[in-house]
Amino acid sequence: MKLNVLDQSPIPEGQSIGDALRNSIDLAKTADRCGYHRYWLAEHHGAPGLACNSPEVMVGPVAAATARIRVGTGGIMLPHYSPLKVAETFLMLSGLYPDRIDLGLGRAPGTSGRTAHLLQRDRRQPPPDDFPQQLTELLGYIDKSACPPAPALLGSSPQSAVWAAELGLPYVFADFINPSGEPFAAFYRDQFVPTAKMPAPHTSVCVWAVCAETDEAALRLSLSARMMMLNLFRGKLIPVPSIETAETFLAAEGGPLETLPAGRRVITGSPAKVRAAIETVAEDYGAQEVFVVNIIYEHAARVRSYELLAEAFGL
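If you use my numbering, the sequence shown corresponds to residues 1 to 315, in order.
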């Protein structure tokens, strides 16, 4: 099983967008050194706690700062863009960094409805619901290239599994958003249509995981993200709070900290515990690769979390 990183470029309270993006490049260097297979950057808009509005802008600097790891997007939210423009951008990146660029694609807006509307060039009417046509057009452009980026389809709902299977694409399921996607992954495998480039299905799953030397330390590191997510569900977007701020906030919520927020799978613990939990999720999804995503207030602790995980898996 290959282990990957999904980076949301978190902005700790009191720091800048530039600080967060430089932290992403630093974390990518660590992932490259530790033996991770892929480093993907997420796309979010209008979020004061997440710095990467344009992952395509970050792919080049991350690829330049690393030597071996594959670099890509998790993902480009295609409804915001012209398929030709996306193809041109990633063909340029693939030309600069051959056989190292991935193009993860998604349909979700990566933001609120209002911000998604502002991202549209023509705001006189709602954008068309034509994602399958956009996707097919984009694949047509990159398939003609001698050095294309490697495409994949992201999803957290059943529909993405249908499209990935029909088009013979790798499928990446966001378990950290929807921890009940095993049936969708099974459908993808069962209905997969082989192609010359993809003769068999290829499933990845993205999990939320925080690793530290002890279970107690890892749970404490996860509190900042738990507070962020609870606020997000209530319509309030905030920078990454300190652990102390999060402790006070979550104490008022009541109930065991490890159950917050409800409906999300947040894996925390010592290296052995986190490895066992990740392997269980991967087995449930039939996944050949696992992406690990997390948000931690202190950058050094976040780097250490990925280092410990790499050591646990013997990368």
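Any given hint might turn out to be false.
Stated by the list, open to error - Label pairs and their calculated CB-CB ranges:
| hint | residue 1 | residue 2 | range |
| --- | --- | --- | --- |
| 1 | ALA64 | GLY255 | 27 to 35 Å |
| 2 | GLU258 | LEU96 | 29 to 37 Å |
| 3 | SER180 | PRO132 | 40 to 48 Å |
| 4 | GLU213 | THR248 | 37 to 45 Å |
| 5 | SER112 | PRO194 | 23 to 31 Å |
| 6 | ALA252 | TYR81 | 38 to 46 Å |
| 7 | SER82 | GLY314 | 23 to 31 Å |
| 8 | PRO183 | ALA67 | 36 to 44 Å |
| 9 | CYS147 | LEU118 | 46 to 54 Å |
| 10 | PRO98 | MET198 | 29 to 37 Å |
| 11 | VAL193 | PRO98 | 37 to 45 Å |
| 12 | ASP122 | ALA67 | 41 to 49 Å |
Stated by the list, open to error - Taking lysine-lysine and the DSBU-like style, the derived pairs with C-alpha atoms no more than 30 Å apart in a straight line are:
| hint | residue 1 | residue 2 |
| --- | --- | --- |
| 13 | LYS144 | LYS197 |
| 14 | LYS2 | LYS29 |
| 15 | LYS197 | LYS273 |
| 16 | LYS236 | LYS144 |
| 17 | LYS2 | LYS144 |
| 18 | LYS29 | LYS273 |
| 19 | LYS2 | LYS236 |
| 20 | LYS273 | LYS85 |
| 21 | LYS273 | LYS144 |
These are calculated hints, taken from the structure and not from any lab test. Treat the numbers as computed from the prediction; the structure is a model and nothing was measured. For every residue, glycine included, the Cβ atom is placed at its ideal position computed from N, Cα and C.
*Do the beta carbons of PRO183 and ALA67 sit within 36 to 44 Å of each other?*
Because 39 Å falls inside the window, the suggested range holds.
*Pairwise hint evaluation, LYS85 against LYS273, where the allowed Cα distance is 30 Å at most*: Since the Cα atoms of LYS273 and LYS85 sit roughly 43 Å apart, the hinted pair is violated (cutoff 30 Å).
_MET198 and PRO98 - C-beta distance against the hinted 29 to 37 Å_ = violated, 19 Å
_Checking one constraint from the list: CA of LYS29 to CA of LYS273, max 30 Å. Satisfied?_
holds, 25 Å
*Has the given pair, LYS2 with LYS144, been kept, meaning a C-alpha gap of at most 30 Å?*
This hinted pair holds, its Cα atoms lying about 28 Å apart.
*Between ALA64 and GLY255, does the C-beta distance stay in 27 to 35 Å?*
violated, 45 Å
*asked:* Hint check: LYS2 vs LYS236, CA-CA at most 30 Å. Holds or violated?
replied: violated, 35 Å
*Could one say that the CB atoms of ASP122 and ALA67 fall in the range 41 to 49 Å?*
Cβ of ASP122 to Cβ of ALA67: about 43 Å, so the range 41 to 49 Å holds.
*Is it true that CYS147 and LEU118 lie within 46 to 54 Å of each other by Cβ?*
This hint is violated: roughly 35 Å between Cβ atoms.
*asked:* With the threshold set at 30 Å, check whether the alpha-carbon distance from LYS2 to LYS29 stays at or below it.
replied: holds, 17 Å
*Confirm or reject the claim that ALA252 and TYR81 have a C-beta distance inside 38 to 46 Å.*
Cβ of ALA252 to Cβ of TYR81: about 41 Å, so the range 38 to 46 Å holds.
_Against the range 40 to 48 Å, how does the distance between the Cβ atoms of SER180 and PRO132 compare: consistent or not?_
About 24 Å separates the Cβ atoms of SER180 and PRO132, which means 40 to 48 Å is violated.
Violation of the numbered hints given earlier is confined to hints 1, 2, 3, 4, 5, 7, 9, 10, 11, 15, 16, 19, 20, 21; the remaining hints are satisfied by the structure.
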